[in-house]
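4 protein chains.
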Amino acid sequence: MLNKIKIGILGGSGYGGSELLRLLLFHPNAEISYVTANEHAGKKVAAVHKNLLGFTDLSFSATPENLAELPQVDVAFFAMPHGAAMSLVGTLAETTKVIDLSGDFRLDDPEVFESAYGRKQTAVGLQKEFTYGVPELFRDEIAEAQFIANPGCFATATILALAPLVSNKLAVGKVIVDAKTGSSGSGAKAAANTHHPQRSNSFYAYKPFTHQHLPEIEQCLSRVGSITSSLVFMTHSMPVSRGIFASCYAETEREVPTQELNEIFSEYYSGRRFVRVVEGSPDINWVKMTNFCDIAVHSSGKMIAVFSALDNLVKGAAGQAIQNMNIMFGLDEATGLLFPGTNP
Amino acid sequence: MLNKIKIGILGGSGYGGSELLRLLLFHPNAEISYVTANEHAGKKVAAVHKNLLGFTDLSFSATPENLAELPQVDVAFFAMPHGAAMSLVGTLAETTKVIDLSGDFRLDDPEVFESAYGRKQTAVGLQKEFTYGVPELFRDEIAEAQFIANPGCFATATILALAPLVSNKLAVGKVIVDAKTGSSGSGAKAAANTHHPQRSNSFYAYKPFTHQHLPEIEQCLSRVGSITSSLVFMTHSMPVSRGIFASCYAETEREVPTQELNEIFSEYYSGRRFVRVVEGSPDINWVKMTNFCDIAVHSSGKMIAVFSALDNLVKGAAGQAIQNMNIMFGLDEATGLLFPGTNP
Amino acid sequence: MLNKIKIGILGGSGYGGSELLRLLLFHPNAEISYVTANEHAGKKVAAVHKNLLGFTDLSFSATPENLAELPQVDVAFFAMPHGAAMSLVGTLAETTKVIDLSGDFRLDDPEVFESAYGRKQTAVGLQKEFTYGVPELFRDEIAEAQFIANPGCFATATILALAPLVSNKLAVGKVIVDAKTGSSGSGAKAAANTHHPQRSNSFYAYKPFTHQHLPEIEQCLSRVGSITSSLVFMTHSMPVSRGIFASCYAETEREVPTQELNEIFSEYYSGRRFVRVVEGSPDINWVKMTNFCDIAVHSSGKMIAVFSALDNLVKGAAGQAIQNMNIMFGLDEATGLLFPGTNP
Amino acid sequence: MLNKIKIGILGGSGYGGSELLRLLLFHPNAEISYVTANEHAGKKVAAVHKNLLGFTDLSFSATPENLAELPQVDVAFFAMPHGAAMSLVGTLAETTKVIDLSGDFRLDDPEVFESAYGRKQTAVGLQKEFTYGVPELFRDEIAEAQFIANPGCFATATILALAPLVSNKLAVGKVIVDAKTGSSGSGAKAAANTHHPQRSNSFYAYKPFTHQHLPEIEQCLSRVGSITSSLVFMTHSMPVSRGIFASCYAETEREVPTQELNEIFSEYYSGRRFVRVVEGSPDINWVKMTNFCDIAVHSSGKMIAVFSALDNLVKGAAGQAIQNMNIMFGLDEATGLLFPGTNP
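Chains as they are written, first to last, in the numbering used here: chain L, 1 to 344; chain B, 345 to 688; chain F, 689 to 1032; chain P, 1033 to 1376.
I should point out that these hints are in silico values taken from the structure, not numbers from a laboratory. Built from N, CA and C at the ideal position, the CB exists for glycine as well. Wrong hints could be hidden among the right ones.
Only some residues are given here: those of chain F computed to face chain L with a beta carbon under 10 Å [to be verified]:
1. 749
2. 750
3. 751
4. 754
5. 804
6. 807
7. 808
8. 810
9. 875
10. 881
11. 888
12. 889
13. 927
Far from chain P, some chain F residues (derived; all Cβ distances over 10 Å) [said to hold, decoys possible]:
14. 752
15. 814
16. 816
17. 866
18. 878
19. 896
20. 906
21. 922
22. 961
23. 1018
24. 1031
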């Protein structure tokens, strides 16, 4: 590939944008044309994201209402609050590919969207052109796509944990997903629930039975196989900066030994570099700062437990977005993403 | 009450013993006669538990093989590793009451015990005389008891969350308990799984389907009501010092609205000072260093989620042991235990 | 004492107010008449400070501009932002005692105040009547005082570490104070510097050479002895909720062995229940949630290092305020404050 | 460069070895020939360091007493406990370069060594051939060296903070260094001082006036300039996994404004890629997982404060070792080390 991919980042002040910058600055085939952040317009990127000091001279620009005023790019990443991409994507040049990290285009059904996000889907026609970007499941579709709805962090962890069960029609009855997130999932803006004096000793559940990631999980899994079971999805807050841990409980019609399950999972994710099937339990410690989703599976009688762990900002957001970009542009999906985590 | 209760603590170097000391030193009706810790025999208690500096002149003594060599006490608390109380309780004076914080006497069936703890029950006769000490459920029985098996921390959180459902025959089918513990649950001895550089960024599952607290939960709940459902119990490690958080998922035959569930729980725990039925979610932050178990309950259709949170060393160990002592000696169960937690 | 002390708390939504409530609700001689918090006026205290659930039926009231509209109390605690007490204290009944936790009345010199706090001292006359309330140093003066300026958290840790040196004229030349605070020192309102995802992995210096606690430290120590040395005071942020740790470095004219220093410090704080002179190093872990200031002192040649540790919200704020109240009302200074910390 | 550098790692189970592996596996010019760890001999590296799962098929080998039994390598990294390298380095092939991460060869004077490490220097002749490897100060010497003593983590942070002052003869009188470390500095083995339940809420000083890094700091700075001042060095433990933060206090003869100091520091480190002179304060958050040392300097009158922050396992150990290797082999010193940290 001779020319680098020209990249625009819409919304570079949050953690999603921060991680896109960190990863794309070192991507061998990428070149960042612009990064917007209204509140920081004119400021150096490295003055806001101090980890990037010495790595970039980029400055933030403002986000115009008509994106055509910005330089034309090959791909635009949207890392803006829910609702922003809907009104902006249509103003891009026709050939520009789009990867949206928000929830705006994840849900096919406008009514489901409105119910989940508390706002109207104002770009119904556009939404139909979006592909839900789980690279481990939909690689071919992504390769052809112009528009990608990048999955949510909870959704990624849950979908990757359950897809082998659903695809193999193993689960019957209710599937319970007890999911936990680190504090960076709440974003870069200080808020009561991420106030350090309290959060550092906290663990609690939130949005019981109503988290907005449930519909995208159900929609996605229904494409993977016929779900004969229904999902219960519960979200909790952990006192740690990064990480999603999902504990999934399912019942099977016959007893499937742990060993057999491991083979099913390993085969299902054969050739998928960013899913590692591990023994015992995954641990958010081993995947932090990486694009991996580690998964372990166990059974006891007819009960199955699947555990998955990932970094909410990498595999759960920016890393997966870049993995999608790699596939869309014909690159190895792991380009710029093959780095390990750290031990302590 | 004129005379103070004379107290012996067997095993005072661990966190269970440390918390017994902290709480009993301020109990208006208690007087500690001795505290043993072989590794610290002869040392001042406050030199080991530096939080107690200035509060006690007690020194640790060694644990003799025959406890009759120690001063006679009204009640002996055992805070020793599993297996120790079994061989020691029988050497106490006949009138001495016993509260055992280990798992030695919690399980009625010696085979279930051996399977859970990997050791033989060597005091089968004695075991039959033990009462399982959940004060919210068995107050009258505890008042009459000479021997108390103090429940495990996970077990307490789970039992208190599920008892109102079981008692009211609300749950049908599988009940899933996704439980999480802080690092102090692993005890006071340094170990690989509590090594700070790794634990501080960790979240993982452990002992999948095999945690030794499951049988005591099942045994206890079977006394509360007829369980028509079976339990799945899964334990996880949180990167925080103190706290148990249990998320319990159950199905009901008919839809029971959240409001109705709240009434059921509030009524069930009416007059139980240490269970607080809260809105939204409990949080380990609000119960740390306290004897409270906070519980919240929600439903959606026929699914119920019950969340419970407690401090594993207080309501999950030493605090509950003292609550049992209070009841056994005819005191208000809250004596010496009515202190709130802290905000940050 | 037959009648309980009637207490008003002005500003009960922050951490200072929260801790005053927690401690005063259990003070055997105290009775809270009202607690104000404009943003929560009308709400139950326990709905805001959930640790107090079950311990109080108090509700927050609004703070009137004229405090005479509130019930008359024996003592009013001000736990409001800097600047508020200055304009409110004068509206209290003449006989009401005052303990102000803000910086409003700590500095004698209005110019020093303006330079430290960036605002004018608008109550110069009133300020002259305030006693700086370090109970270990000024007990007799506090016993006679109507108005107490409660010291800052950093100031308390530094003053208690240095007073024995200053009083004994041991230090010559520059004294360096390298002080560290936990995140609760920033208050209960969420802000960028206490945003959990970043704060939990942070350590940094702030306000180099300009922290507003320096003048009150200098002013206080000048009363303890003639300082022949000048102070350098530097503040840092630790990634922990509670705690102040001050490392103080001083030079002496002659070599003073560690053993001799320990005797000097122990004698100096003889009869002072809340200062514990310890070996090795104090640790914020052992003083968290307590009213203790632990101090250790070491020398090497002519260099002395003094380490002090306390809980910024208790001995550094609410606990010390109550200790002052106890002295003002002729009670044992330790009333309601004699509880130990916890081990883990 | 056609051939990759053949690398041996002696002691691969600790955090130093773990980080060497993580970084060298991705170094474009490096090829790991072997990695030893007696306790894990025969085990897969990725089974011990789970962050490396999927990145290497290497297995640990045992460390023979005669290193000539291992494959010949171009450079051997020693990441073993103090005392091991002394007895092993001499058994390597004569042409093999050595980079020792322990303290064995850092101190020129055997008596100073014995006093600092409590053991005899048994390789006095060999020691004379070692170069102390601070790349920012001794790049030319390192380029010619066969043997490198890699500096300690505290020493690196302190030396880089003070070298510009010493080199410019700015400091007079005592220099105070108040240094803080994260828990990973204690190594990978679980121990009482890194037990999570206590460490996670701790801050304390240790080894007052006696830390073994002081002599190497003094020895190194004496090469940078004539020190007219003496050092006081005090170490503390922070409740965080990674990071060194050093606060250095010095006096100057004349007042040197902050702005001028910034210019002096920026010029001194001009062309040094891994030292970043920053405004305000450095923060361990921004350098974690990186090879950077961030430094800020401030003055007030004749007092100077220099703050430095680095990752103890990267710039304080493995990263700096690889930086030294790069220089020794004629590569750009930043090869394989130019990655930024992360924001949250």
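Structure-based check of each hint:
With 10 Å as the threshold, the beta carbon of residue 749 (chain F) stays out of range of chain L, its nearest partner Cβ sitting at about 22 Å, so the hint is violated. Interface hint status for residue 750 (chain F): violated, as the beta-carbon distance to the closest one in chain L is roughly 21 Å, over 10 Å. A cut of 10 Å between beta carbons decides the hint on residue 751 (chain F): the least distance to chain L is about 22 Å, and the hint is violated. For residue 754 (chain F), the suggested interface contact is broken, since its CB lies about 32 Å from the closest CB of chain L, more than 10 Å.
Because the smallest distance between the Cβ of residue 804 (chain F) and any Cβ of chain L comes to about 25 Å, over 10 Å, the interface hint for this residue is violated. Proximity of residue 807 (chain F) to chain L is violated relative to the hint, the smallest CB-CB distance being about 25 Å (cut-off 10 Å). Evaluation of the residue 808 (chain F) hint against chain L yields a violated restraint, the C-beta minimum of about 30 Å exceeding 10 Å. About 31 Å separates the beta-carbon of residue 810 (chain F) from the nearest beta-carbon of chain L, more than 10 Å, and the hint is not met.
Of the supplied interface hints, the one on residue 875 (chain F) holds, with its beta-carbon coming within about 9 Å of a beta-carbon of chain L, less than 10 Å. Checking residue 881 (chain F) against chain L by beta carbon gives a least distance of about 8 Å; that is within 10 Å, so the hint holds. With its C-beta approaching chain L no nearer than about 5 Å, residue 888 (chain F) sits inside the 10 Å limit, and its interface hint holds. The interface hint given for residue 889 (chain F) is met, as the beta carbon of that residue sits about 6 Å from the closest beta carbon of chain L, less than 10 Å.
Given hint, residue 927 (chain F) at the interface with chain L, holds; its Cβ is 8 Å from that chain's nearest Cβ, closer than 10 Å. The non-interface label for residue 752 (chain F) is consistent with chain P: the shortest C-beta to C-beta separation is roughly 40 Å, beyond 10 Å. Non-interface status of residue 814 (chain F) relative to chain P is upheld: no Cβ of that chain comes within 10 Å, the nearest being about 32 Å off. At roughly 30 Å from the closest C-beta of chain P, the C-beta of residue 816 (chain F) stays outside 10 Å, upholding its exclusion from the interface.
Some Cβ of chain P comes within 10 Å of the Cβ of residue 866 (chain F); the nearest lies about 4 Å off, and the non-interface call is violated. The claim that residue 878 (chain F) lies off the interface holds: its Cβ sits roughly 15 Å from the closest Cβ of chain P, which is beyond the 10 Å cut-off. At roughly 4 Å from the closest C-beta of chain P, the C-beta of residue 896 (chain F) falls inside 10 Å, breaking its exclusion from the interface. No Cβ of chain P approaches the Cβ of residue 906 (chain F) within 10 Å, the least distance being about 14 Å, so the stated non-interface status holds.
For residue 922 (chain F), the condition that its CB be more than 10 Å from all CB atoms of chain P is violated, with the nearest at approximately 6 Å. Distance to chain P confirms residue 961 (chain F) as a non-interface residue, since its nearest Cβ pair spans about 22 Å, more than 10 Å. With a cut of 10 Å on Cβ distances, residue 1018 (chain F) stays outside the contact zone with chain P, its closest approach being about 36 Å. For residue 1031 (chain F), the shortest C-beta to C-beta distance to chain P comes to about 7 Å, within the 10 Å cut-off, and the non-interface label is violated.
Violation of the numbered hints given earlier is confined to hints 1, 2, 3, 4, 5, 6, 7, 8, 17, 19, 21 and 24; the remaining hints are satisfied by the structure.
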